[in-house]
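S.K.: Protein chains in written order, with this note's numbering: chain A, 1 to 302; chain B, 1 to 345; chain C, 1 to 249.
Keep in mind the hints are simulated off the structure, nothing from the lab.
Computed from a predicted model, the values in this text were never measured in an experiment.
Ideal Cβ positions, reconstructed from N, Cα and C, are used throughout, including at glycine.
Be aware that a few hints might be false.
[As the list claims (entries may be wrong)] Here are the simulated lysine-lysine pairs, BS3-like style, with alpha carbons at most 27 Å apart:
| id | chain 1 | residue 1 | chain 2 | residue 2 |
| --- | --- | --- | --- | --- |
| 1 | B | Lys335 | B | Lys206 |
| 2 | B | Lys335 | C | Lys145 |
| 3 | C | Lys11 | C | Lys217 |
| 4 | C | Lys11 | C | Lys64 |
| 5 | C | Lys217 | C | Lys64 |
| 6 | B | Lys206 | C | Lys145 |
[Said to hold, decoys possible] The following residues of chain B were derived to be distant from chain C, with all beta-carbon distances above 10 Å:
| id | residue |
| --- | --- |
| 7 | Val38 |
| 8 | Glu102 |
| 9 | Thr113 |
| 10 | Gly159 |
| 11 | Gly255 |
| 12 | Leu344 |
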Amino acid sequence: MEGCSPSPPFSAGAFQVAGIIASIIDGVLVGAVYGLAAMGLTLIWGVMNVINLTHGAMIVLGMFALYFLTTGLGLPPYGAVPVTIGLGFVFGVLVYWIAVHRVIGRAHLMSLLSTFAMNMVLIGLGTALFSTSPYNVPVPLSGLTWKGYTFTGTHIMAAVLALVIAGLLYLLLYRTRIGKAIRAVADNRDAAELNGIPTTQVLSFAFGLGVALAGVSGTLIATLFPFTVLSGGAYELKSFIVTVLGGLGNPAGALMGGVALGLIEGVTTPFMPVSWVPIIEFVLFVFVLILFPRGIFAFARS
Amino acid sequence: MTAQESSPAVEVAAPRSKAREWFGAILRQPFICLIALVGVAFAILPLWDDNVQLRESLLLAAVYITLASNLNIVLGYAGYVNFGNIVFFGLGGYVCIYLVNEWQWPLAAAAVTAGISVSLLALVFGLGILRLRGAFFALATIGVNEAVKAFVANFEPWGGATGIYLSLDVYEPLGGPGQALWIVYFLIVAVMAASLFLSYAIKTSKFGLGLLAIGENEDAAAVLGVNTPRYKALAYSVSAFLTAIVGGLYFFKTGIIEPGGAFDLTRSIEAIVMVMLGGIGTVTGAALGAFFYEEVRGVLLTTEVFSHFQLVIAGLLLLVIVLFAPAGLMGFVYKRWPRMRRLLQ
Amino acid sequence: MTDLLEVAGVKKHFGGVTAVHDLSFTVRDSEILGVIGPNGAGKSTVFNVINGVYPPDEGRIVFKGQDITGEPAYRVARRGIARAHQIVQPLATMTVLENCTVGACFGRENLPLARAQEVVREAAEIVGLTDRLDQLAGQLTTAGKKRLELARALSAHPELLLLDEVLAGLNPTEIERMIAVIRRIRDRGIAILMIEHVMRAIMSLSDRIVVLNLGGKLAEGTPQSVARNPDVIAAYLGEAEPTPAGMVH
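Generate the whole structure from the sequences, applying the supplied hints.
M.R.: Okay, here's the thing in structure tokens:
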């Protein structure tokens with residue numbers, strides 16, 4: 001993991017340990033962003049039982065949004081964050097009405113295919129427009145040095161922003177009327193409808209929210225690492241792992257799961273080549289699914 | 001079954017009429033005749049005037065029909081979206097090519113071995129990942145494909161990232177490259193016909209009924225007594241068999257196999273589009289969808305624009321089908337002419 | 001009369017909620033055992049434990065002398081326990097005939113496809129769906145779907161039939177017809193364990209009744225004795241009280 005280095009003088013052995021600790025802390029910081037991304041996925045899943053296979057594409061859109069907002073419009077990087085949230089929301093509502101609305105009641109496999117098809121279209125268009133070359137958004141932010149460790153400013157900022165946005169989501173879900181409506185529809189759509197809640201609108205709102213979360217997490221990731229049109233896949237996989245770890249439809253669990261995943265990455269990445277990480281994560285994914293189908297936190301609770 | 005009066009004349013004729021009876025039963029299934037007809041047509045048409053271009057075009061169509069029909073068993077009958085179905089195709093290709101190139105095995109033996117070994121592997125794998133429901137399974141299949149691709153790319157005996165180039169002398173036992181291509185073509189057509197027959201046989205069997213019940217409502221099926229884990233794993237494994245064989249034959253004909261082309265996710269997804277286009281869960285649909293998609297794609301690929309947007313167009317097509325015509329072509333046909341449902345499957 | 005099914009000491013909880021605690025009762029050969037109780041008493045949970053939807057946390061289920069606790073649903077079905085669900089689960093895009101064929105082929109007798117037809121016709125006849133065999137299950141009326149649940153379960157030739165509120169949502173005429181059907185099923189020697197809220201029906205059909213409340217057994221006995229039981233009456237205050245008229249048969 002880039003971004004941390006202990007300053008000398010440390011002996012070679014201590015250097016290794018120090019490097020690993022730094023890597024872990026770094027991983028936890030990035031993990032908060034993973035958690036944010038997963039919150040978007042788990043929200044949609046929990047509210048309307050749809051697995052949004054455009055999730056990866058939405059993350060990528062957030063990444064490119066940062067690029068174009070900073071280079072094209074000259075916005076400061078962190079100024080682009082609220083803009084991405086707004087854009088992501090609008091785009092999410094659009095995707096809902098195009099690809100999701102008609103398939104909501106039908107067999108699960110239909111919503112899988114429709115969101116997947118949408119994903120294909122977006123990634124295909126993206127590849128045609130932007131090719132697969134890497135993009136980068138340099139963010140000049142000085143780091144923090146503490147007891148000889150230096151932590152990249154961007155990592156800290158990303159984690160902080162992720163927590164802030166998660167907090168805002170919590171407020172929205174639990175302190176506003178629309179949040180209450182979302183929770184009601186998630187619990188029992190028919191009952192909510194009978195109670196006068198316009199469930200279709202609520203569903204589209206929730207979908208927009210989920211996509212906004214995915215998009216803004218992409219934006220935050222773009223402040224940390226370079227990206228390409230095809231980067232979404234790896235982060236989508238991470239979101240799935242986190243969602244399963246935290247339990248379906250459980251945003252708080254998603255955040256915790258994200259941090260946990262970041263931790264795991266921080267521990268393992270010093271010891272293996274980067275290209276192996278997706279394979280390890282995939283194995284972890286299948287493992288967790290088979291052992292804890294309802295999420296590790298649900299398991300721990302019972 | 002009419003009671004037969006026992007008389008010397010009838011008894012003497014018994015063995016012959018038994019065979020005739022069995023044969024007649026098969027022929028009386030119009031759909032099987034249809035499959036045979038299609039197979040014969042595929043075989044004869046390019047042979048008629050030695051039309052190599054037609055043969056190549058039909059060969060691709062036959063390959064895709066095979067892919068789609070076998071995919072239909074898991075996707076259409078049991079309702080499990082196998083995004084990574086191409087892994088059977090690629091693995092079958094690799095096993096067959098390896099046996100032919102390194103060990104000088106005859107093609108037929110290599111292809112069949114590929115089929116058996118890949119379907120056994122699928123059985124083992126399937127028992128694991130088929131515990132996952134819905135999207136988890138779907139994503140896991142992509143993961144399987146990517147993992148296998150990554151593994152093969154690092155596997156030196158199979159040529160690693162560059163793959164295997166078939167030396168020309170593997171075509172000698174078949175009478176030289178020119179003749180070999182024809183023989184492989186006929187073999188592929190035979191595998192295609194076998195795939196159509198297999199998916200038909202399954203659909204009209206008790207096994208197929210169980211799969212369809214699983215696809216309809218897996219929990220209800222379990223309560224009704226369908227051994228869902230075993231059935232799903234069997235379906236997954238069976239769908240791998242002929243797919244692997246046709247992969248072996250296809251790459252033998254192509255002469256080269258490398259990880260990217262063998263485990264091409266785009267092709268995998270196109271197989272799904274074909275099944276959906278033709279009509280999910282129907283034997284005819286898988287064949288028609290594959291045929292039409294492949295023919296149109298062949299034409300469009302020559303245009304610059306399309307090759308860039310292949311994924312986009314496939315995605316749009318899938319989206320439109322799922323949103324507006326989820327039952328595909330055959331769904332439309334059955335609605336318009338309900339009696340066709342009896343005739344075609 | 002021997003014990004066909006024995007439920008012994010079954011406990012089941014979900015998260016912090018105990019749905020069933022220490023429940024024990026038996027079902028005898030060829031009897032109709034009714035299960036009643038206020039909502040949330042744990043009735044459906046018991047059914048789920050019996051037919052293998054999930055295992056109990058503690059306790060045993062013994063069927064025909066064999067311990068079947070924790071066996072998966074399909075194995076329980078193969079042993080001869082069939083179920084008609086409260087929330088109907090038709091295989092919607094398949095016909096009535098095909099639905100019942102699934103029951104026949106994967107039920108107790110594990111029939112091959114060819115032999116299923118006559119079993120299905122028989123089951124359809126008992127239930128009254130003979131003229132609807134070719135109709136798509138999804139297009140049936142609610143009453144029709146309920147009858148399909150029964151026909152499908154019957155096609156499996158079970159020895160024990162679990163009926164989960166099969167009378168819910170039916171009008172009085174349909175209820176009368178269902179009651180007659182249930183009687184016809186019992187006449188064939190099939191034991192029935194039925195959950196029901198329609199009091200007069202369950203009181204008139206059952207040989208014995210088990211009353212559940214808050215996850216435990218409140219009372220057990222003949223319909224008359226249960227109806228007179230003051231604890232049972234108290235438990236039902238706030239729900240529809242079983243009227244004297246409904247209990248005399």
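S.K.: All the hints need checking, so say for each whether the structure fits it.
M.R.: Tested hints:
Between Lys335 of chain B and Lys206 of chain B the CA atoms are separated by roughly 26 Å; this keeps the pair inside 27 Å, and the hint holds. For a cut-off of 27 Å, the pair hint linking Lys335 of chain B to Lys145 of chain C stands: about 23 Å separates their Cα positions. Simply put, Lys11 of chain C and Lys217 of chain C have alpha-carbon atoms about 12 Å apart, close enough for the 27 Å limit, and the pair holds. For the given pair, Lys11 of chain C sits about 21 Å from Lys64 of chain C by alpha-carbon distance, which is consistent with the 27 Å threshold.
Proximity of Lys217 of chain C to Lys64 of chain C is assessed by CA-CA distance (about 22 Å); at most 27 Å being required, the pair is judged to hold. For a cut-off of 27 Å, the pair hint linking Lys206 of chain B to Lys145 of chain C stands: about 23 Å separates their Cα positions. At roughly 26 Å, the least C-beta separation between Val38 of chain B and chain C is larger than 10 Å, which holds for a residue marked as non-interface. For Glu102 of chain B, the requirement that its beta carbon stay farther than 10 Å from each beta carbon of chain C is met, with the minimum near 44 Å.
Thr113 of chain B, annotated as away from the interface, keeps every beta carbon of chain C farther than 10 Å; the closest lies near 32 Å. With a least CB separation of 44 Å from chain C, Gly159 of chain B remains clear of the 10 Å interface cut-off, as annotated. No Cβ of chain C comes within 10 Å of the Cβ of Gly255 of chain B; the nearest lies about 45 Å off, and the non-interface call holds. With a cut of 10 Å on Cβ distances, Leu344 of chain B stays outside the contact zone with chain C, its closest approach being about 17 Å.
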